[in-house]
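My request is simple: use the sequences and hints to build the entire structure.
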Amino acid sequence: MKNSLWVEKYRPTIIKDVIGNEEAKTLFVEWLENKRPTRKAVLLYGPPGVGKTTLVNAAANEYKFRIIEMNASDTRSEKAVTRIADPATSFTGLDKFSSEIKGNMLFMDEVDGIAGNEDRGGVNAIIKIIENTRVPIIMAANDCDLEKLRSLKKLCLLIRFQQTRIPLIILALKKICEQEHIKYEFEALENIATKSQGDVRSAINDLQGLSEEGKTLTEQDTLALGLRNKDISMDDTLQGYFASKNLTEAVILLNSSNVEYDDLLMAISDNIPRRYADPFKLAEAYDYLSQADVFRGRVGVENWHLLKYVYNNLAQAAAVDPESYKSFEFISPPIRVITLFWTKNKRTLLANICTKIGAQCHISKYEAKMIFIPYLRLMLQQKKKAPALIEWLKLTPEEVTFLASLKMF
Amino acid sequence: MVILNKKGFKLPRVEKEKFITLIRLGLEYDGQKMLFSVKSYNNINQLRNTLQDILKSEIAFTQTCTVCNVDFNCSTCKYVKACPTKDLPFSCVCNQCLRPKKNLQQQTLF
Ligand SMILES: Nc1ncnc2c1ncn2[C@@H]1O[C@H](COP(=O)(O)OP(=O)(O)OP(=O)(O)O)[C@@H](O)[C@H]1O
Ligand SMILES: [Mg+2]
Ligand SMILES: [Zn+2]
Ligand SMILES: [Zn+2]
Numbered sequence: 001m002k003n004s005l006w007v008e009k010y011r012p013t014i015i016k017d018v019i020g021n022e023e024a025k026t027l028f029v030e031w032l033e034n035k036r037p038t039r040k041a042v043l044l045y046g047p048p049g050v051g052k053t054t055l056v057n058a059a060a061n062e063y064k065f066r067i068i069e070m071n072a073s074d075t076r077s078e079k080a081v082t083r084i085a086d087p088a089t090s091f092t093g094l095d096k097f098s099s100e101i102k103g104n105m106l107f108m109d110e111v112d113g114i115a116g117n118e119d120r121g122g123v124n125a126i127i128k129i130i131e132n133t134r135v136p137i138i139m140a141a142n143d144c145d146l147e148k149l150r151s152l153k154k155l156c157l158l159i160r161f162q163q164t165r166i167p168l169i170i171l172a173l174k175k176i177c178e179q180e181h182i183k184y185e186f187e188a189l190e191n192i193a194t195k196s197q198g199d200v201r202s203a204i205n206d207l208q209g210l211s212e213e214g215k216t217l218t219e220q221d222t223l224a225l226g227l228r229n230k231d232i233s234m235d236d237t238l239q240g241y242f243a244s245k246n247l248t249e250a251v252i253l254l255n256s257s258n259v260e261y262d263d264l265l266m267a268i269s270d271n272i273p274r275r276y277a278d279p280f281k282l283a284e285a286y287d288y289l290s291q292a293d294v295f296r297g298r299v300g301v302e303n304w305h306l307l308k309y310v311y312n313n314l315a316q317a318a319a320v321d322p323e324s325y326k327s328f329e330f331i332s333p334p335i336r337v338i339t340l341f342w343t344k345n346k347r348t349l350l351a352n353i354c355t356k357i358g359a360q361c362h363i364s365k366y367e368a369k370m371i372f373i374p375y376l377r378l379m380l381q382q383k384k385k386a387p388a389l390i391e392w393l394k395l396t397p398e399e400v401t402f403l404a405s406l407k408m409f
Numbered sequence: 001m002v003i004l005n006k007k008g009f010k011l012p013r014v015e016k017e018k019f020i021t022l023i024r025l026g027l028e029y030d031g032q033k034m035l036f037s038v039k040s041y042n043n044i045n046q047l048r049n050t051l052q053d054i055l056k057s058e059i060a061f062t063q064t065c066t067v068c069n070v071d072f073n074c075s076t077c078k079y080v081k082a083c084p085t086k087d088l089p090f091s092c093v094c095n096q097c098l099r100p101k102k103n104l105q106q107q108t109l110f
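Heads up: the protein sequence lines correspond to chains A and B, in order. Residue numbering for the first sequence is 1 to 409, as defined by our numbering. Residue numbering for the second sequence is 1 to 110, as defined by our numbering.
Keep in mind that the hints were calculated from the coordinates and are not lab data.
Derived CB-CB ranges, DEER-like:
1. A:Ala-359 - B:Cys-97: 47 to 53 Å
2. B:Cys-97 - A:Leu-223: 25 to 31 Å
3. A:Gln-382 - B:Gln-46: 48 to 54 Å
Under the rule of at most 20 Å between Cα atoms (straight-line distance), these lysine to aspartate or glutamate pairs were calculated in the EDC-like manner:
4. A:Lys-195 - A:Glu-260
5. A:Lys-153 - A:Glu-110
6. A:Lys-326 - A:Asp-236
7. B:Lys-78 - A:Glu-219
8. B:Lys-101 - A:Glu-178
9. A:Lys-385 - A:Glu-399
10. B:Lys-101 - A:Glu-185
11. A:Lys-308 - A:Glu-212
12. B:Lys-78 - A:Glu-185
13. B:Lys-39 - A:Glu-30
14. B:Lys-18 - B:Asp-53
15. A:Lys-154 - A:Glu-110
16. A:Lys-175 - A:Asp-17
17. A:Lys-356 - A:Glu-398
18. A:Lys-183 - A:Glu-212
19. A:Lys-385 - A:Glu-398
20. A:Lys-153 - A:Glu-30
21. B:Lys-78 - A:Glu-187
22. A:Lys-356 - A:Asp-263
23. B:Lys-7 - A:Glu-30
24. B:Lys-39 - A:Glu-33
25. B:Lys-39 - A:Glu-22
26. A:Lys-174 - A:Glu-219
27. A:Lys-174 - A:Glu-212
28. A:Lys-356 - A:Glu-399
29. A:Lys-35 - B:Glu-28
30. A:Lys-346 - A:Glu-110
31. A:Lys-346 - A:Glu-398
32. B:Lys-7 - A:Glu-22
33. B:Lys-81 - A:Glu-187
34. A:Lys-281 - A:Asp-321
35. B:Lys-86 - A:Glu-22
36. B:Lys-86 - A:Asp-143
37. A:Lys-308 - A:Glu-249
38. B:Lys-16 - B:Glu-28
39. B:Lys-101 - A:Glu-187
40. A:Lys-40 - A:Glu-110
The beta carbon of each residue, even a glycine, is placed where N, CA and C say it ideally should be.
Structural data, given as structure tokens:
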């Protein structure tokens, strides 16, 4: 277990361990216990990384519900709809159950993937399911998606999640440190928690990224963690990055951006020739970039602590020759998977697929993502070719569905 | 600053329209005890604004410590400036539970 992601390792399995949002938790439990039977469906909404998915799984575990997960493609199949409406999976009050598994619950996580204005069919299918269901239906989404879900909202009990409070996050981090035998300065945890902006997932990821076995996690270690700005754009990031006056400035800038590492690495590689007119400086910068690339390849899903070397090398590339900076227009690659605002789960999923492609095709993960993924997505739509391809790349069903649901621009 | 206990607080008489707004925003009213309490938290920010309007003062709700159950309020919190959900919602960790100070006796014993 040493190399696992802490967010997975410490994902609460009982409701009590899900920190914060007490009111939302209470409301959800009351609904599950049938004390609020007015609505057949609930929609949990709120910012990322606060425990929406975790709460549903913990509740299912505690109340002995079997979770039936449904996603985008499922909702369109008539079979799935009838299966859900089947009386065999009927929604009975908890007290009426005696067996170990009390019943099924239907969970549609990240419904923003399904629903949208451009996707009336998807929304209508869900509405139909809710109208016919005899099992409890739970949906989760980020608040930014609510607008799209207007017609759905009317049918649901809405449960709002808010950012998790700093003291609650500190306590959670403290617990993890104790279990991982990591010594820490209290101020370090304060910094991580404060800078997470209420996102428990990113706080735990930062903790894992910053701590090293056998070393005390100091306040100093956490200083580079900039304020996470969820809306900082790629352009703003590049702007600040290329204009950095020294290494520290570049490090801080990179740490404060929430742009995904891979996208950043690609965009920097694309634009760096425009930054350095002097071929020797450019060569030097490229050297750092390739170092960053090497470390990025080794980060995978396990070695998050290597991320700081990715960042450091990227920062070095920006600081090769600060004096020569003149502003310039950025180019962005033509096809690109939108990952900037993804949750870590989704990004990990994509990273895993890219690793598989990379291994089979002997190309880097970035090439896989840039060149291969768009085609793979198209090829998977061809019924005849898909099975062989899936077999060859050893894609899991989850990954196949995920690829099918990808939005590109 | 008025500190309200979410489990029950009094309000001056309000017009019918205001009353309906309050109920719609998530308050519950117990006619017998003549006490309001917070039932739904989805519109808590608007609810707070409306209450501040009525009371003509800043308001804050009491916080309950999830560890020791003590009631306190956010003004005693070190992180209040950076807090993403100042005063709302109503559960947090009190200072003492977050960073237990050695109790006085222990400190002076040696
Ligand atoms: N309230 C919480 N208590 C304890 N751990 C949490 C909490 N929220 C998040 N985490 C940690 O972060 C991880 C991700 O949380 P989760 O998937 O539940 O977030 P989410 O709210 O569903 O986010 P998203 O909107 O991105 O789907 C969990 O595995 C867990 O380790
Ligand atoms: Mg989730
Ligand atoms: Zn306490
Ligand atoms: Zn506070």
